[in-house]
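Heads up: the sequence shown runs through residues 1 to 142, numbered per UniProt numbering.
The hints are simulated quantities; they were obtained by calculation from the structure and are not laboratory data. Heads up, a few of these hints could be off.
[Unchecked claim] If you anchor each label on the Cβ, the simulated ranges turn out as follows:
1. Thr5 / His125: 13 to 23 Å
2. Gly127 / Pro28: 38 to 48 Å
3. Asn2 / Val33: 31 to 41 Å
4. Pro126 / Thr32: 31 to 41 Å
Even for Gly, the Cβ is constructed at its ideal location relative to N, Cα and C.
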Amino acid sequence: MNRMTLSFDAKLENEAFARTSAVAFLMPLNPTVDEIMEIKTILAEAVVNCMIHGYQGREEGQVRVSVSYDETHRVTIEVQDSGVGIEDITLARQPLYTTRADLERSGMGMTIMESFSDEFEICSHPGEGTTVRLVKQLQFHE
C-alpha cells in the first residue's frame, strides 16, 4: 500500500495542483492515457465541487485529497471538505441537478465521477462537510 495526502486552500487555481500531484503519485503504476484522463476528470469534478458547493465559492476553507494504491493497482481517492454539506445526497446524485445554476453548472459532476469509478460513495452531514470516496481499478501494464 502506498498513500499520499494533500491539503490546500479552496481556491480554484489549486484544482490543477491536486490533479497533477495525484497523477504524478500514480505514475509508478504505469497508467494508460485513458486512465490518467479519467482520474484527472474525477479529481477535477470532486475538488471543484468542494469549492463551488461545499464552500459556496468562499476561499476560506481547506480541501483534503488522499490517494492510495495497493499491489493490485486498486486506486482509492478521497476528497474532503469541511463546508456546508449536502442536504439530500440522493437528489445531488441525479444527473443535471445543480444547486448553482447561477454559475452555469451542468449538474453532471457526480454522474461523471461515478461513471469513471468502479466504486463511488458520498458521506455528508449538513454543516459539517462532505467526503467523496472513489475506487478505480487500473490495469497492469509492462
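Report task. Any hints from earlier that this structure breaks? Give me their numbers in increasing order, please. Result -> 3
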